[in-house]
Amino acid sequence: MKIKNIFILIMLIGTISANAQVENTTQMCAKYIIPPFVSDGQQYRALLNGDEVAEFHATFYGGSTYRISACSGTSEGSLIFSVYDKERNLIFSNVDYQNSPYWDFQFNSTMECIIEAKLEKEEGSGFAILLIGFKQK
Amino acid sequence: MIISRKVSKIVLFLFIMGVFSIGFYSCGNDDGTNGEETIDENIDKEIEDHGSTTLQFEGALFSIPSPYEIAFLVKNQRIDYNKEFLNPVNRSHNYVNNYKKALNLGVYGADLGYLNIYEQTPDAVSYFSAIKILSQELDISNAFNNETISRIEKNMGNKDSLLYIISNTYREADKYLKDNNRNDLGVLILTGGWLESFHILVQIAQNDKNPQIIKRIGEQKYPLENLITILNPFYNESHDYAKLIDELVELAYIFDGIDVEYTYIKPDVDVKNKLTIINSTSELVMSDEQLDMISEKLTEIRNNIIE
Numbered sequence: 001m002k003i004k005n006i007f008i009l010i011m012l013i014g015t016i017s018a019n020a021q022v023e024n025t026t027q028m029c030a031k032y033i034i035p036p037f038v039s040d041g042q043q044y045r046a047l048l049n050g051d052e053v054a055e056f057h058a059t060f061y062g063g064s065t066y067r068i069s070a071c072s073g074t075s076e077g078s079l080i081f082s083v084y085d086k087e088r089n090l091i092f093s094n095v096d097y098q099n100s101p102y103w104d105f106q107f108n109s110t111m112e113c114i115i116e117a118k119l120e121k122e123e124g125s126g127f128a129i130l131l132i133g134f135k136q137k
Numbered sequence: 001m002i003i004s005r006k007v008s009k010i011v012l013f014l015f016i017m018g019v020f021s022i023g024f025y026s027c028g029n030d031d032g033t034n035g036e037e038t039i040d041e042n043i044d045k046e047i048e049d050h051g052s053t054t055l056q057f058e059g060a061l062f063s064i065p066s067p068y069e070i071a072f073l074v075k076n077q078r079i080d081y082n083k084e085f086l087n088p089v090n091r092s093h094n095y096v097n098n099y100k101k102a103l104n105l106g107v108y109g110a111d112l113g114y115l116n117i118y119e120q121t122p123d124a125v126s127y128f129s130a131i132k133i134l135s136q137e138l139d140i141s142n143a144f145n146n147e148t149i150s151r152i153e154k155n156m157g158n159k160d161s162l163l164y165i166i167s168n169t170y171r172e173a174d175k176y177l178k179d180n181n182r183n184d185l186g187v188l189i190l191t192g193g194w195l196e197s198f199h200i201l202v203q204i205a206q207n208d209k210n211p212q213i214i215k216r217i218g219e220q221k222y223p224l225e226n227l228i229t230i231l232n233p234f235y236n237e238s239h240d241y242a243k244l245i246d247e248l249v250e251l252a253y254i255f256d257g258i259d260v261e262y263t264y265i266k267p268d269v270d271v272k273n274k275l276t277i278i279n280s281t282s283e284l285v286m287s288d289e290q291l292d293m294i295s296e297k298l299t300e301i302r303n304n305i306i307e
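These protein sequence lines map, in sequence, to chains A and B.
Here the working numbering is used: the first residue of the first sequence is 1, the next is one more, and so on.
Here the working numbering is used: the first residue of the second sequence is 1, the next is one more, and so on.
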């Protein structure tokens, strides 16, 4: 057995463990994307370190209502997310609502939005998971 | 020999520790201090080893709206069901490489959504069979596992449940491909789904100048830009990827001519219902000529995918 193999094994364990974290955080997030909300079929994730900010660009259709669910780590409220329009006008931030893990948005017109996500605690690191669901009409 | 045995013991110890840390975490460590620290260490290791790649690729993410939203719009406009819009299910056997399989897994997913919303159960069963085979051939076993397949089959007549399960299944597939560094296929599934729903809109617009449908076609300008951004890192993956991206860029050039006038208006908040109402407006002007050009280019791209 060579040192190289040990290194590969440690890498493998790290990857499996990181995937386990993503899985648990996704499950926490997914419990809010339930009927009448339907998932957009994608899972958005970003590995954040310290005060890094992840940016998510999304299109929301006019006349529709969406739910954004955003989570990190093992407890709710660990992720701060803010929604901006394309001109960077702040539309929403969950900081104003006790770091709520989800929020609904009703769009009158189709818009491009930027969703920013960062960890609540600036120390440490973790995956930011974001899910989007649209309301079935 | 002695050194080798010692190294083997270290490896065994690390492996056991790793399994314990994963097991401990998977069991749900809500208060987690020690477990979290172990995971943080592993994540730190991940950042060290792969972090730059992950952050470059995932740090700025671009989403594509669900094809099912388009299907709902079409149904709500009281537009009749038309099977001709869809990619015939018997073509599924023609797709021999992963590139075509992934694209058409997206195409058939959008078609299944359309069939489901119009409650065309017998056809939906055929399309689901094609999806099942393509997903197995692409080895997306985690998402399309036996339990999920069984749930889908049991809910074939239940429009709402089926839509929910299928959407979650596609999200699981997306996650599975990301977990396994197979995003090259994940982006193709997204592309196929978006193109097919766009194609359905364009087909309708050719026969019926429904203003809501035409407006939605013009609004594809945004997801198209996002899609190109998502696909771009795979440009050198193969000639097929490069050709697809080039074609989408050509389509985006046509969209560049469409004017969008955006006006910011302060949103309203309904705290009790955790709802923000976005009042900003976005007006889009598209000529008949631009619509024709978009239709023509889109048909060309789709034909290359489904043929």
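It should be emphasised that the hints constitute simulated quantities derived from the structure, not laboratory data.
We put the beta carbon where it would ideally sit given N, CA and C, even for glycine.
Any given hint might turn out to be false.
These stretches of chain B come out as covered by chain A in the derived footprint (C-beta under 8 Å, 3 or more residues) [what the hints assert, rightly or not]:
| # | stretch |
| --- | --- |
| 1 | 69-79 |
| 2 | 125-136 |
| 3 | 155-164 |
| 4 | 219-226 |
| 5 | 231-245 |
| 6 | 269-275 |
Quiz prompt | Per-stretch coverage check for the stretch 155-164 of chain B, three Cβ contacts closer than 8 Å to chain A | solution = holds (count 3)
Practice problem: Establish whether the coverage given for the stretch 125-136 of chain B by chain A is satisfied; the threshold is a Cβ-Cβ distance below 8 Å, and no fewer than three residues must meet it. | Solution: violated (count 0)
Exercise. Count residues of the stretch 219-226 of chain B with a Cβ under 8 Å from any Cβ of chain A, then say if the count reaches three.
Key: holds (count 4)
Quiz item: Counting residues of the stretch 231-245 of chain B with a beta carbon closer than 8 Å to any beta carbon of chain A, are there 3 or more?
Solution: Since three or more residues must qualify, the claim that chain A covers the stretch 231-245 of chain B is violated, with 0 doing so at under 8 Å.
Quiz item: Checking C-beta pairs, does the stretch 269-275 of chain B have three or more residues closer than 8 Å to chain A?
Solution: Holds: 5 residues of the stretch 269-275 of chain B have a Cβ under 8 Å from chain A.
Practice problem: Apply the coverage criterion to the stretch 69-79 of chain B and chain A: a residue qualifies when its Cβ sits closer than 8 Å to a Cβ of the chain, and three qualifying residues are needed. | Solution: With 4 residues closer than 8 Å to chain A, the stretch 69-79 of chain B meets the three-residue bar; holds.
In this structure, the hints that do not hold are numbers 2, 5, in rising order.
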